[in-house]
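Model the placement of chain U with the ligands on the given structure of chain D, informed by the hints.
The listed protein sequences correspond, in order, to chains D and U. At position 86 of the first sequence the residue is numbered 85 (numbering that gives the first Met the number 0), and the sequence of numbers has no breaks. At position 151 of the second sequence the residue is numbered 150 (numbering that gives the first Met the number 0), and the sequence of numbers has no breaks.
Fair warning: there could be bad hints in the mix.
Computed far set for chain U versus chain D, every beta-carbon distance over 10 Å [said to hold, decoys possible]:
no. : residue
1   : ILE15
2   : ILE30
3   : PRO118
4   : TYR209
5   : ARG212
6   : GLY225
7   : LYS228
8   : PRO267
9   : TYR279
10  : PRO311
11  : TRP344
Chain D regions said to be covered by chain U (calculated; three or more residues, Cβ under 8 Å) [to be verified]:
no. : region
12  : 8-14
13  : 49-55
These aren't lab readings, by the way, just hints derived from the structure by calculation. We put the CB at the ideal spot given by N, CA and C, even for glycine.
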Amino acid sequence: MVDRRTILVSSVQACGLAALASGGYITANYLAPIPEGLGEEEVEIPAERLKPGQGVQVVHKGKPTLIIRDREGELHALTAVCTHLGCLVKWNEDAERIECPCHDATFALDGTVLGGPAPKPLPKVPVGVKEGMIQLGEKT
Amino acid sequence: MSGLFPKTASWLEERIGLGDLIKRTLTGYGIPARATGLPFCLGGLAILFFLSQLLTGILLLVHYVPTSAGAFHSVERITLEVPFGWFIRGLHSFGATTMIIAVMLHALRVFFFAEYKNPRELHWVTGMILLLLTLFLAFSGYLLPWTQLSYWGSTVGTETLRDIPLIGEQCVQLVRGGTNVGEPTLHRFFALHVVILPLAFLGLFGIHIYFVRRTGQGGPPTIRPGEPKYPFFPNHVAKELLVFAIVLFVLTLLIIFWPEVREEPADPFNTPKHIKPEWYFLPSYQFLKIVSPKWFALLLQGLAVMVLVLWPFLDRSEERDIRKRPLLLAFSILAILVVLGLGVWGHYS
Ligand code: HEM
Ligand code: FES
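Just chain D, same shape as in the assembly (with noise of 0.2 Å):
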């Protein structure tokens, strides 16, 4: 036998929780995140610009990318993201290689690890040169 007691306070505690839910769905929404417009920006670097050795970081559809023009005058790019715990690698320069300044970890031209925890090889981004200005994304 349900009582009255039972009926009301069953029924109090309903409507608040049909508050709290329509409450935290409100709230859940608002605090989800909104894609930052960062996909929009073209890499607008002259091809000249970059000489053999160097290596430059762009933003490219939200992801930091490292554009590096090796010795023979070839470019290679790839995502700057490290692949061990997300720091943001560096192009070496002098001894021509990429580094993780967070754990050391190396890697190559072309992405693979040279050595240090990052458990895969780095992302490549297609690159190539269009109108004299470095174009990401597509093959050109």
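Structure of chain U with the ligands alone, referenced to chain D:
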């Protein structure tokens, strides 16, 4: 235990004893049966809206940027881009107005029912300071969106301090953190609005409620000792929550259907036309405009505030029923009409 989750409820009850605590401190606390109508829900309504301001304010803080370069854009982003941001922000600004109305009506009830008399003088004093804190909260929050209106409203508002004799200039500069409203002012007002004033409010509210619980509630003037009591919890609290829910519902409709006015970012080199304060400062604004010299107008206003805060010590009569004090009744209604009149005048002038 009854309810939706009886097992969980009794498990929790054994461990934290919340039901027992409620029984001893809340259910056992009775208020006069004749002090349960709408006028007696206003204090509760005020604190519920304060809590709602606390919640929506903390949510706004997640996206708000307290710098002169970032504030306007971040508030615009809250309104236009963040999911439900328009709602949270709307609730915070409509909630501010509602809270002020609730606190003012609460004070009027206490006044007309003469509940401030012995032994409740300090209830009144703390309550009046709470009202002032609420107004300061609203004033400091008004600058934060860094719009033309909020920038120049705060400029005009802080400028009034200049007419304080001798130390006027210092007062203005202290409040602004410089000669003009600018980056330092925003930082000061931000600190006041989100930390200093809310903490002061909560602390003083605790004292206010401590006083109320110590003496019990007064109720209407005609009350006699031994009249029946009514449980504060859950009965009266349920009533207050119901009133809160209804007001919240109305505010939600207002937020949805009241078209959002496009605002312009603050421009310190260009004063817009018709700078007016929010409605709750209009009477004071108009008064300062029509009375001269200015220091005299400020003095009168300061005195009026002092009279309000210290009123229980000025009104020495033992008679609680204001219907038996026609002079006081007439004078207080006249005073309210003058304040309202000044406000309307200020609005249209
Ligand atoms: C207690 C915690 C509170 C916090 C953390 C808080 C936080 C904030 C923040 C971050 C803003 C800027 C965003 C915006 O303008 O929409 C703001 C604005 C504002 N606040 Fe608060 N607030 C609190 C309480 C209050 C109270 C109690 C009142 C008044 C009774 C109040 C009145 C206002 C007003 C009038 C604005 C300007 C609203 C607008 O122009 O949209 N706030 N508050
Ligand atoms: S994050 Fe790069 S080596 Fe650890």
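For each hint, the structure was consulted:
no. : hint   : result
1   : ILE15  : holds (17 Å)
2   : ILE30  : holds (20 Å)
3   : PRO118 : holds (36 Å)
4   : TYR209 : holds (27 Å)
5   : ARG212 : holds (24 Å)
6   : GLY225 : holds (29 Å)
7   : LYS228 : holds (21 Å)
8   : PRO267 : holds (29 Å)
9   : TYR279 : holds (28 Å)
10  : PRO311 : holds (38 Å)
11  : TRP344 : holds (41 Å)
12  : 8-14   : holds (count 5)
13  : 49-55  : violated (count 0)
Consistency note: the structure conflicts with earlier hint 13 alone.
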